[in-house]
Amino acid sequence: MLDTIEEVQASLASQNYLCDRSLATVVFLALRLGRPLLLEGEAGVGKTELAKALASSLGARLIRLQCYEGLDVNTAVYEWNYPAQMLNIRLQEARGVADKMQAHDIFGPEFLVRRPLLEALEPSPNGIPPVLLIDEIDRADEEFEAYLLEILSDFQITVPELGTIKAEHPPRVVLTSNRTREVHDALKRRCLYHWIDYPTPQREFEIVLARVPSASEPLARQVVAFVQRLRQADLTKVPGVAETLDWAAALLSLGAKELTAEVVDETLGVVLKYEEDVRHVKGATTRQYLADTTPRA
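Residue numbers in the sequence shown follow our numbering, run continuously in steps of one, and reach 297 at the last position.
None of these hints come from the bench; they were simulated from the model. Any given hint could turn out to be false.
[To be verified] Mimicking DSBU-like on lysine-lysine, the simulated pairs with C-alpha atoms at most 35 Å apart in a straight line are:
1) K237 with K52
2) K52 with K166
3) K188 with K257
4) K52 with K273
5) K282 with K257
6) K237 with K257
7) K257 with K52
8) K188 with K166
9) K188 with K237
10) K257 with K273
11) K237 with K273
12) K188 with K52
13) K237 with K282
Can you make the complete structure from the sequences, with help from the hints?
What follows is the structure, given as structure tokens:
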């Protein structure tokens, strides 16, 4: 357990995840109160990375459920191992005792295939509750979202053939959403909430140095300043922190020492992911943005 907000910040920083005090506070409260944490924000601002850093800092296993449209119980929670069940039935038939079989002979725990949600409720080998990441919950159907309510309230799952399975030590739960649709109020009531915004220039500069340590300070400042300027433009999708880090790493791979109009134009596909945005920025706009973000003597 991390006992103070400062310890949360320091522990996450040890995993190269730099966060402000407000985010560290809600993480601290989620740990202390045993409540799920719902993180919303634009894509690439570090929601998923927080769960990864939290698991590493706690020494816990990360169990990740990636949500998508059509996600169902068989994929997210559990399913029965039908081949193994059929094999067991055939074996009993060969022994001549198939007529004596009961439901628990083929619907026992040994035939249960555990998916992420059920796996997160089971005891951890090291005794440390896992961190359960339910990633991009806004992409799942509302029906699946409703199914989560029992898990997030009581940390238990009902398997009709076996009964209710309840976590002895509840997992640390982090849900993320890019807000492609609104998450239902019933789910929000069960969670602590935090909106992760784009970082300030200084914080993003510190993130680049932490995550791309080979980058020089001048290049890191140029990259951050240019990305910050892009976020003010009328683009289909402005770049997140993830794109900033990718761009810094790409520039290092090319041996770039500083940003020039030519280098920016050649690597815009790393930081912008829509053709319209690349065409909008490439050329004269690139030169203008460089002029806007270059310190004047």
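Consistency of the hints with the structure:
1. Among the hinted pairs, K237 with K52 is consistent with the structure: their alpha-carbon atoms are about 25 Å apart, no more than 35 Å.
2. Restraint check for K52 and K166: the C-alpha separation of about 24 Å stays at or below 35 Å, so the hint holds.
3. In summary, the hint linking K188 to K257 is not supported, as the alpha carbons are separated by about 46 Å, beyond the 35 Å threshold.
4. In summary, the hint linking K52 to K273 is supported, as the alpha carbons are separated by about 25 Å, within the 35 Å threshold.
5. Between K282 and K257 the alpha-carbon distance is near 20 Å, which keeps this suggested pair within the 35 Å criterion.
6. Restraint check for K237 and K257: satisfied, since their Cα atoms lie roughly 27 Å apart, inside the 35 Å limit.
7. Between K257 and K52 the alpha-carbon distance is near 31 Å, which keeps this suggested pair within the 35 Å criterion.
8. Restraint check: the Cα-Cα separation between K188 and K166 comes to about 22 Å, which is no more than 35 Å; the hinted pair holds.
9. Using a Cα cut-off of 35 Å, the hinted pair K188 and K237 holds, with the two alpha carbons roughly 26 Å apart.
10. For the hint linking K257 to K273, the alpha-carbon distance of about 24 Å falls within 35 Å, and the restraint holds.
11. Using a Cα cut-off of 35 Å, the hinted pair K237 and K273 holds, with the two alpha carbons roughly 7 Å apart.
12. In summary, the hint linking K188 to K52 is supported, as the alpha carbons are separated by about 22 Å, within the 35 Å threshold.
13. Restraint check: the Cα-Cα separation between K237 and K282 comes to about 15 Å, which is no more than 35 Å; the hinted pair holds.
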